[in-house]
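Residue numbers (the working numbering), protein chains in the order written: chain A, 1 to 254; chain B, 1 to 254; chain C, 1 to 254.
Because the hints were derived from the structure by calculation, they are not lab data.
Any given hint could turn out to be false.
[Claimed, not checked] Computed Cβ-Cβ distance ranges for the label pairs, DEER-style: (1) A:Lys-247 with B:Ala-71: 58 to 66 Å; (2) B:Pro-39 with A:Asp-41: 54 to 62 Å; (3) A:Glu-175 with C:Gly-37: 43 to 51 Å; (4) A:Pro-18 with C:Leu-248: 52 to 60 Å; (5) B:Leu-2 with A:Lys-247: 39 to 47 Å.
[Stated by the list, open to error] As a list, the in silico DSSO-like pairs of lysine-lysine whose alpha-carbon atoms are at most 30 Å apart: (6) B:Lys-119 with B:Lys-247; (7) B:Lys-3 with B:Lys-119; (8) B:Lys-119 with A:Lys-123; (9) C:Lys-119 with B:Lys-123; (10) A:Lys-3 with A:Lys-123; (11) A:Lys-119 with C:Lys-3; (12) A:Lys-247 with A:Lys-123.
In this text the structure is predicted, and so the values were computed from the model without any measurement.
Note that the Cβ used here is the ideal one computed from N, Cα and C, for glycine as well.
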Amino acid sequence: MLKTINHGLIRELQLNRPPVNALSPELVTALRQAIEGAPRDGIRAIVLSGIENRFSGGLDVPLLMELDRTAVGNLWREFYALMATLARSPIPIAAAITGHAPAGGTVLPMFCDWRVMAKGSYKLGLSEVQVGIPLPPVILAGLRRLVGPRQAERLAVGALLISPEEAAYIGLVDELTDPDQVVARAIARCQGLLTLPSEAMSITRQQARADLIALFSDRHLDRELDEVIAGWFSPSTQETLQALVHKLGRKTAV
Amino acid sequence: MLKTINHGLIRELQLNRPPVNALSPELVTALRQAIEGAPRDGIRAIVLSGIENRFSGGLDVPLLMELDRTAVGNLWREFYALMATLARSPIPIAAAITGHAPAGGTVLPMFCDWRVMAKGSYKLGLSEVQVGIPLPPVILAGLRRLVGPRQAERLAVGALLISPEEAAYIGLVDELTDPDQVVARAIARCQGLLTLPSEAMSITRQQARADLIALFSDRHLDRELDEVIAGWFSPSTQETLQALVHKLGRKTAV
Amino acid sequence: MLKTINHGLIRELQLNRPPVNALSPELVTALRQAIEGAPRDGIRAIVLSGIENRFSGGLDVPLLMELDRTAVGNLWREFYALMATLARSPIPIAAAITGHAPAGGTVLPMFCDWRVMAKGSYKLGLSEVQVGIPLPPVILAGLRRLVGPRQAERLAVGALLISPEEAAYIGLVDELTDPDQVVARAIARCQGLLTLPSEAMSITRQQARADLIALFSDRHLDRELDEVIAGWFSPSTQETLQALVHKLGRKTAV
């Protein structure tokens with residue numbers, strides 16, 4: 001489900017939950033714990049990768065549809081904790097987007113330090129509205145930080161899934177490369193940061209990410225989470241989600 | 001002056017005041033009322049268009065120069081109300097910029113959801129400073145939201161009129177197309193939004209536009225309007241405006 | 001050290017401290033005073049230029065390494081005062097980046113109105129972290145204003161030195177031209193602004209730069225300066241700076 005591959009002081013955490021690397025509650029928690037644990041092992045940077053052609057299909061909707069209100073609430077709380085952990089990480093995290101990355105698959109890289117994506121006929125984007133989920137405000141804020149208010153409005157409201165090329169053009173990802181070079185480029189970016197004077201780099205990094213980190217210290221975040229969870233159970237959202245699961249036919253991930 | 005053309009649940013409001021679609025006080029008020037009224041008719045999205053080669057020449061300066069202080073004050077209050085109505089619209093509005101769109105012709109699309117412009121030797125931009133009018137702060141803030149602080153400073157201070165290509169490059173418009181396709185593309189963008197789950201789309205849209213809407217809930221807006229109106233009557237502005245009207249030769253719009 | 005060349009109502013201030021136009025305490029103070037003094041001479045716009053192939057190499061680190069804590073503190077206070085003077089200038093300032101512009105050489109143009117740079121194999125960027133200096137927060141904020149939060153994080157944390165072409169692409173500079181045209185283009189930009197109605201231009205300019213100016217009215221700025229000065233004397237920074245001076249071999253500027 002989550003493979004750990006050390007490259008010297010850089011640790012690759014590979015999402016590995018075929019067929020589409022959908023995020024189950026267990027995977028969300030495991031990923032958060034792995035990121036929190038890395039610095040304790042002396043690791044100095046993290047690469048977050050996926051499998052061939054698939055970075056992550058986002059939250060595992062068919063699985064979530066079987067959960068009761070408490071379990072869905074816990075999942076969303078854990079997902080917020082994961083985003084916060086990515087944002088607050090004391091060591092750099094580069095996302096190696098190895099393939100398709102819709103919805104939650106786009107969200108995770110947004111809170112990393114840097115994003116390299118595989119060229120190819122892949123799609124990414126915040127497609128939540130397509131499945132009836134209003135885009136959670138903290139995700140919208142993270143998106144605005146990367147692409148600005150105009151593109152964030154266009155992408156989020158239109159629930160657009162876009163190509164790697166368009167993502168690079170508007171700043172949703174930072175670099176494109178061949179699929180077999182994605183992890184190597186992410187490692188190289190981390191190595192570049194680790195050659196710098198570490199104290200100056202870390203202080204500057206905290207400063208440059210202070211606005212991102214601040215999204216998660218908002219005193220209204222509990223209320224936001226309550227609204228996100230309530231939104232999940234709104235009749236119109238449930239109807240759309242059930243139609244989606246029905247369309248998928250069997251209980252595989254989105 | 002303002003034509004209404006329904007395309008199913010999408011209503012096109014066409015600015016139609018030849019020769020240059022200048023905004024008279026009556027047109028400003030009529031447009032605001034038409035936008036406010038559309039949802040009450042069951043309309044679910046609006047396209048704001050102009051005539052061939054002309055989206056809008058902005059405020060009708062020669063006409064305004066004949067008005068007394070009270071009437072000019074009312075015009076500016078109505079223009080602010082129109083911008084606020086565009087920003088707050090509960091249904092999406094796509095601007096179909098069919099041609100030239102200087103000054104006020106650029107302002108109206110800035111507060112819409114999305115902007116498609118005709119390719120061609122047209123000009124748009126916030127040229128207010130050219131005619132002696134300091135750019136009103138709320139318009140500058142709307143501009144910054146689309147193109148960022150650096151480009152907003154460059155465009156606003158320099159009063160630059162730019163090409164559709166440059167506007168698309170910096171984000172002042174979202175898409176370019178052939179002149180005869182502009183309205184069709186705006187309708188298509190609206191149709192795309194209307195196929196989405198409506199509750200999720202609307203909630204996300206409100207969230208994504210909250211910063212734009214907030215510009216008009218500022219408690220200092222009355223003072224800003226007072227300053228804009230006082231600015232209009234400053235000796236140097238009046239001198240520049242009168243020279244402009246003289247140059248235009250006859251009482252046609254800018 | 002600082003040449004003054006008047007082009008009519010536009011004054012060129014040329015950094016002229018070969019070999020690399022490094023900023024000594026005297027040059028920092030002289031530049032601030034020259035900018036403050038220009039409007040009193042009836043000057044209406046300023047061009048800040050460098051010498052052939054060199055705009056500025058930034059702070060003169062070898063020289064600074066010979067200073068005691070009081071003198072270093074004074075230099076940083078003067079450098080902050082220079083940035084504030086550029087930001088607050090009542091008349092426009094165009095930066096003519098004639099060549100290499102690392103670190104402080106990039107900082108000065110960031111607080112000007114506009115930046116034109118010479119095409120060529122030059123480098124610019126906020127490389128402070130490379131020499132062990134955490135990027136001062138006000139400089140990071142100025143950078144974010146020009147290139148947005150994503151690029152600011154990438155450039156500042158990575159301490160990247162980039163080409164003029166990349167700088168123009170991301171918005172760190174506004175225009176590129178041939179080396180022998182850089183000053184002429186900066187003068188032309190100033191002339192363009194001076195043909196506009198001056199009251200409307202000045203009011204709009206103050207409004208468009210209010211966020212930049214506000215960076216220097218922050219009540220926490222004294223504490224920030226204390227931290228920047230303390231950072232300079234942190235053991236790890238001193239070690240990196242001393243290694244740099246040693247590598248440079250002799251007491252020439254960076």
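- Message: Tell me if the straight-line CA distance from Lys-3 (chain A) to Lys-123 (chain A) falls inside 30 Å.
- Response: holds, 24 Å
- Item | Range agreement (Cβ of Gly-37 (chain C) with Cβ of Glu-175 (chain A), hint 43 to 51 Å) | holds, 46 Å
- Message: The hint says 39 to 47 Å between Leu-2 (chain B) and Lys-247 (chain A); measuring C-beta to C-beta, is that right?
- Response: holds, 43 Å
- Task: Given the hint that Lys-119 (chain C) pairs with Lys-123 (chain B), test it: the Cα-Cα distance must not exceed 30 Å.
- Result: holds, 29 Å
- Message: Lys-119 (chain B) and Lys-247 (chain B) were given as a pair; does the straight-line alpha-carbon distance stay at or below 30 Å?
- Response: Distance of about 29 Å is within 30 Å: holds.
- Query: Is 54 to 62 Å right for how far apart the beta carbons of Pro-39 (chain B) and Asp-41 (chain A) are?
  - Reply: holds, 57 Å
- Task: Quickly compare the C-alpha distance for Lys-119 (chain A) and Lys-3 (chain C) to 30 Å and report which way the hint goes.
- Result: Distance of about 51 Å is beyond 30 Å: violated.
- Message: Tell me if the straight-line CA distance from Lys-119 (chain B) to Lys-123 (chain A) falls inside 30 Å.
- Response: Distance of about 29 Å is within 30 Å: holds.
- Query: Is the straight-line distance between the alpha-carbon of Lys-3 (chain B) and that of Lys-119 (chain B) 30 Å or less?
  - Reply: With a Cα-Cα distance of about 23 Å, the restraint between Lys-3 (chain B) and Lys-119 (chain B) holds, given a limit of 30 Å.
- Message: Range first: 52 to 60 Å. Now tell me if the beta carbons of Pro-18 (chain A) and Leu-248 (chain C) are that far apart.
- Response: holds, 55 Å
- Query: Going straight from one Cα to the other, do Lys-247 (chain A) and Lys-123 (chain A) come out at no more than 30 Å?
  - Reply: Satisfied, since the Cα-Cα distance of roughly 20 Å is no more than 30 Å.
- Item | Distance restraint evaluation - Lys-247 (chain A), Ala-71 (chain B), Cβ atoms, bounds 58 to 66 Å | Holds - the Cβ-Cβ distance for Lys-247 (chain A) and Ala-71 (chain B), about 59 Å, lies within 58 to 66 Å.
The structure does not agree with numbered hint 11 stated previously, though it agrees with all others.
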